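**Student:** This is what each chain is made of:
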Amino acid sequence: MTGSHAAHPSSLREGERHNGDTNPRRKVVGQRVTRLEDPPLVTGRGTYVGNLNFPHQLHMRVVRSNYAHALIRSIDTAAARAHPGCIAIWTGADVADIPPITFRPTSVQGLEPYRQYILARDRVRYVGEPIAVVFAADPYTAEDIAEMVTLDAEELPVILSADTPPGEFAPGLSTEAVIMRKNFGDVDAAFRAAYTVVEVDVQVGRHSGVPLENRGALARLDHSRDVLELYGAGKRPHAHRDAVAALIGRSPASMHFYEGHIGGGFGVRGEIYPEDVLTCLAAVRFDRPVKWIEDRRENLMACNHSREQHHVVRAALDADARLLAVDAKLWHDQGAYVRTHGARVPDMAMGTLLGGYDVPAYRAIAYVRMTNKTPAATYRCPGRFESTYACERLMDAVAEKFGLSRIEVRRRNLIRKAQFPYPRAMDILDHPVELDSGDFALLLEKTLPHLGWDALQAELAQRRANGELVGVGMGFFMEKSGLGPVDGVRVTVDIQGKVQVVTGASSIGQGVETVMAQICADGLGVDYRDIKVIHGRTDMLEYGIGAHASRATVMTGGATRIAALNVRRKALEFAAQHMIEAPVELLDIVDGRVVRTDRPGEPGIAIGKVAAALSPSPTSVAFGTPGLTAEGWFETAGLAHPYGIHTAVVKVDPDTGQTIVERFHVAYDIGCAINPMLVEGQIVGGVAQGLGGALYEEFVYDERGEPLSVTFADYLMPTANEMPPVEVLLTEDAPSPNNALGMKGAGEAGITGVGAAIAAAIDDAIGMPGAITRLPVTPQRLKAILDKRAGVHA
Amino acid sequence: MNEPLAITLQVNGQSHDIRVEPRKTLSDALRIDCGLTGTNVGCEHGVCGACTVLLDGEPVRACLMFAVQAQGRQLRTVEGLAREGRLHPLQQAFIDNHSLQCGFCTSGFLMLAAGTLENQPDIDDAGLREVLSSNLCRCTGYQNILRAVGQVRDSLKTSGGGR
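Chains as they are written, first to last, in this note's numbering: chain Z, 12 to 805; chain U, 1397 to 1559.
There could be a bad hint or two in this list.
Taking CB as the label site, the calculated pair distances span [stated by the list, open to error]:
no.: 1; chain 1: U; residue 1: D1550; chain 2: Z; residue 2: P51; range: 25 to 35 Å
no.: 2; chain 1: U; residue 1: Q1467; chain 2: Z; residue 2: E743; range: 56 to 66 Å
no.: 3; chain 1: Z; residue 1: N64; chain 2: U; residue 2: G1453; range: 29 to 39 Å
no.: 4; chain 1: U; residue 1: Q1467; chain 2: Z; residue 2: D306; range: 18 to 28 Å
no.: 5; chain 1: Z; residue 1: P124; chain 2: U; residue 2: R1543; range: 50 to 60 Å
no.: 6; chain 1: U; residue 1: S1551; chain 2: Z; residue 2: R36; range: 28 to 38 Å
no.: 7; chain 1: Z; residue 1: I190; chain 2: U; residue 2: G1442; range: 44 to 54 Å
Below, a list of computed lysine to any residue pairs in the SDA-like style, where the Cα atoms sit at most 25 Å apart [to be verified]:
no.: 8; chain 1: Z; residue 1: K193; chain 2: Z; residue 2: V208
no.: 9; chain 1: Z; residue 1: K543; chain 2: U; residue 2: A1478
no.: 10; chain 1: Z; residue 1: K543; chain 2: U; residue 2: R1482
no.: 11; chain 1: Z; residue 1: K509; chain 2: U; residue 2: G1481
no.: 12; chain 1: Z; residue 1: K543; chain 2: U; residue 2: Q1488
no.: 13; chain 1: U; residue 1: K1553; chain 2: Z; residue 2: T54
no.: 14; chain 1: Z; residue 1: K662; chain 2: U; residue 2: S1529
no.: 15; chain 1: Z; residue 1: K662; chain 2: U; residue 2: D1521
no.: 16; chain 1: Z; residue 1: K543; chain 2: U; residue 2: L1483
Treat the hints as calculated values from the structure; they're not laboratory data.
Note that the coordinates shown come from a computational prediction; the quantities given were computed from them, not determined experimentally.
Note that CB positions come from ideal geometry on N, CA and C, so glycine has one too.
Could you put the whole structure together from the sequences, leaning on the hints where they help?
**Tutor:** So this is what it looks like as structure tokens:
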């Protein structure tokens, strides 16, 4: 239908990037307002899936392989079945009709044979792999019964590293799943013409998100609607609902995912795991609600791992230390199966390795290899923590080779402001690369005084003179965010003037409700506390992109803004035609009231009254669609690339090899910060995880593939004691041209450069450039480096 | 032997008559038998502290105790912090300082902090950091938690303490 309330144009193209929305009101956008999410969480009323229960529910407990690689001879369930509390037991044969869990669409060929079935069939490939599930009426009994199930298997040789030659995944199938390549420019010519070549050989250890809440799921068949409900969903409820429905043979409309509270996501929670499919299947087959909650030991060996990559990177340079070409090889340890991310992690690692540097030629090869360890997938800043680390180690090596400062080498090679938007002639995740906006030089110019760089150098020199091993290191990084292409929301004002924003976003604790409320509040003209934001509900909005790849603020925020403007336009046009005799150009919505801008003293009309007037009636139908409601669809013209610099000041204890991080500084350009307090929260939290990966966290295996990091006494994560004060310098100098508010994402920025900055700082502290090649820099590893230098042999 | 025993738990000033196996943890009994799901379980081996409650005024890991061990003792959980709809100063301070993101560690930190400030109202910043390093948070990086607890400590001292 036509009408004066035609929808706000949604697409942003060259020449109309700000969509006519050139001076957005920013009353609550940009403010450090407190979160809408907090009241239930501080009062113990969270709805984490472990807190939910349905009458007559069954509890599911997984039996897991204790072999890293073996042929299954038999699974003995006789004793377990004899337990009086045993309701049922399934092994692979009982779910033989369920296909393996698939991965996101990709142009990468050949990954299908490496997918995981929901229960092992003929072979197990990692310790922790589900081989059976038992069902009982209470969780303690289920655990008792699960311990009575035994696996008889014939051990096979294990492969525990991507560096060792590939072996057999299955008859005729190599454990080298795929070799991926990227290339632009003439790399070989550049190396022939180079003044010099620098090479680094570095590794990142296996670690992962490890949220504080263990995984869980609660499924129930609601016969009043013939809908299978899954509680405990997160991250990508719509896409995963579609995928799980297909796996178990239901239509998407007959299955709904419900996201309550989630105790941390970080990329690993909310993916499709075998246990989620089993829970759904069981709810259907037993026609009883089924609840599954894992314990921490299971989580550490069965929830997605990440990060384990080995990079060998060479740079060709001219006489001025300018990069002519980069040639990278990486060995990616994928673990036992290819899960829902396919080969996205090595793809991103290869595609982002050049960071924010201006490089005319590039070649990258990634060897994606299966090993007999927990399957690996995305963890906050996937592929980019690894590639930033490798690239920054390379740049530090270049500085060392040329006798230049580490900062000077960056100055000479970072992309200049005038070069943006900066394309690279290659794809990442099947999308061409174009870095949208940036000004690294300006950020660096602001960072150094904010750090107190000169005073810091003087202080470090003084302390070194006193014999302390202290140093500073930096990690420069380019991030990616705002993964599109499209998102939509619906905004509705009720007859009391309260607003509901229905999004397909996911809340994993990051504050997405508050951010959307702030954006909607300014777009519509209401108080953000009068807005309720719905997320993670496939039954309330047909489509959704969830929350990952730092996209929620940009994409869902972009859509929220457009929907809010559409509702505002509808309210003003209806009010102008039917409620206030004034031209629509003179009307505005301020503090939830439609007012005349030419009569500032008048009280106007409460927006709820406008909503009430738009209730179904001949008038409202003649005007258009009844109700004060509108959708908004946002299409991004491209990714939004925030960027930053991490700086670490460390002290090394030469006797123990311990690294104490004394200061950590994050300089970050975010384009437009909707809520700086929440952005800082994301950054500081990211730094904590980054420090974990740089210094403490590692999933270690013995030579038989037995995982050794299965409790929090083995897998060490930072506590308050390990955290340095984190200073954040947030700038908005390079807004994204790809959305009206100029927003870029914040979710991953705190973690990206931490490995690089810490490694550089330790090198500096011990006076050994390039000494740090392997993360995490545990005290044992650092002590070995120091001892070797001192000529001490263990 | 796992025969359930009838016990009574005193939680937040209320009695809960429940039947639990001797091996049932206090955290599970609170969550399942008493219906108090505010206390979260993160590891069940006493490291993360998400299950922290107050037992006779002392912070303890509920996952490391059996429910039967808590009989006759006074338990306080996060559900008992707010009084008559008014948030405890710590709860308000956590909101004001953005000291939580996913919220899973929050109950444990609130009880740890509440017990610590009640028992050691003059604790200094270094002491607070030491105590609060008992619990894990995976989201916030701790900075805002430390600041919030320090603020409440300071405001309780200036207002004469007590609650």
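**Student:** Compare the structure with each hint and give your call.
**Tutor:** Against the structure, the hints:
1. U:D1550 to Z:P51: 25 to 35 Å: 27 Å, holds
2. U:Q1467 to Z:E743: 56 to 66 Å: Holds - the Cβ-Cβ distance for Q1467 of chain U and E743 of chain Z, about 58 Å, lies within 56 to 66 Å.
3. Z:N64 to U:G1453: 29 to 39 Å: Holds, at about 31 Å.
4. U:Q1467 to Z:D306: 18 to 28 Å: 26 Å, holds
5. Z:P124 to U:R1543: 50 to 60 Å: 52 Å, holds
6. U:S1551 to Z:R36: 28 to 38 Å: 36 Å, holds
7. Z:I190 to U:G1442: 44 to 54 Å: 46 Å, holds
8. Z:K193 to Z:V208: Roughly 20 Å separates the two Cα atoms, so the pair holds.
9. Z:K543 to U:A1478: 24 Å, holds
10. Z:K543 to U:R1482: 22 Å, holds
11. Z:K509 to U:G1481: Between K509 of chain Z and G1481 of chain U the Cα gap is close to 23 Å, so the pair holds against 25 Å.
12. Z:K543 to U:Q1488: 21 Å, holds
13. U:K1553 to Z:T54: 24 Å, holds
14. Z:K662 to U:S1529: 20 Å, holds
15. Z:K662 to U:D1521: 22 Å, holds
16. Z:K543 to U:L1483: Holds, at about 22 Å.
Against the hints set out earlier in the document, no violation occurs for any number.
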